[in-house]
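Visitor: Sequence:
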Amino acid sequence: MSKKAILPIAAVVVAAGALLLFESHLLWKVQELNLFLFTTLFFEQQMIVPAGFLTWLGTFFTQFLYRPWLGVLLLCVWWLLLMWLTRKAFRIPAAWSALLLVPVALLLIADVDMGYWIYVQKMRGWFFAPTIGTTVFVALVWAGRCMPARYGLRFLFPVVTAVVGYPLFGIYALAAILVAVLVAAVAKEKPSHTLTVEAVIALLCVVAVPLMDYRFLFHHTNIANIWWAGLPVFRILESYPEYYLPYILLAVFFIAVPVIFRFVSL
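All the letters of the sequence shown, read from the start, carry residue numbers 780 to 1045 under the numbering used here.
Treat the hints as calculated values from the structure; they're not laboratory data.
Bear in mind the structure is a predicted one, so any value in this text is a computation, not a measurement.
A virtual CB, placed ideally from N, CA and C, is assigned to each residue, including glycine.
One thing to keep in mind: the hints can contain errors.
Unchecked claim - Per label pair, the in silico range of CB-to-CB distance:
hint, residue 1, residue 2, range
1, Trp848, Phe1042, 34 to 44 angstroms
2, Tyr895, Leu982, 30 to 40 angstroms
3, Phe801, Arg994, 38 to 48 angstroms
4, Trp848, Ala978, 42 to 52 angstroms
5, Thr819, Pro927, 36 to 46 angstroms
6, His804, Arg929, 51 to 61 angstroms
7, Val939, Ile1002, 20 to 30 angstroms
8, Leu990, Leu932, 17 to 27 angstroms
9, Thr973, Phe801, 44 to 54 angstroms
10, Arg994, Thr819, 25 to 35 angstroms
When you get a sec, could you build the whole thing from the sequences and use the hints?
Guide: What follows is the structure, encoded as structure tokens:
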């Protein structure tokens, strides 16, 4: 393993130490405000809204912050998995391994910069959910990139991802559909007519599936939030959009990376 490949791992270890050293009170409070019950009823209560499985996973892992070192260790495992998947999905060379730290840093900032929102945050499992969701997003992008052309699997991918992934992971599944098409288009891995058809199908799925789920499946979600399900909510009587900045930068990163490496490889 090269020195440049070791850098992200070392940075994660440093981040873990900083969390335990400087944010131990936050870790304790987060798990104290968290509720997880290993019961069928609790699981069903999470699944009545889009991204319900994501919040269930978030609450499950958050409970381990009762032992801060254990919760942080699990968080680091997710971060390492995220970096590995990002490198595979976006084909980032070892010389550019430092880029893998960008999404981890943004997710870390999103967690520690909550302030008093930890007391009023409506989304359950918010401490782990963005990391898990981003990891699932990257895994789906990789799956879309590796999908073979035979049997129409490339055209089925956005449909299956939207129909199955949106109820489970919300916005992260929808984002994966769009970014997978972007990655294929930038890399020119497929014929132009195939990419056009995929793009149309992807857009239709991203727009139609949340609307259909809102109409027939989920009755506890405001229609204004159906495309953003899976993100923390920063609104009481008015919105506080500045808290969404890490997530906006995260989206910019995953859109920019395939474009950047297209020109780098020329």
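Visitor: Where does the structure disagree with the numbered hints, that is, which hint numbers, in rising order?
Guide: No numbers; nothing is violated.
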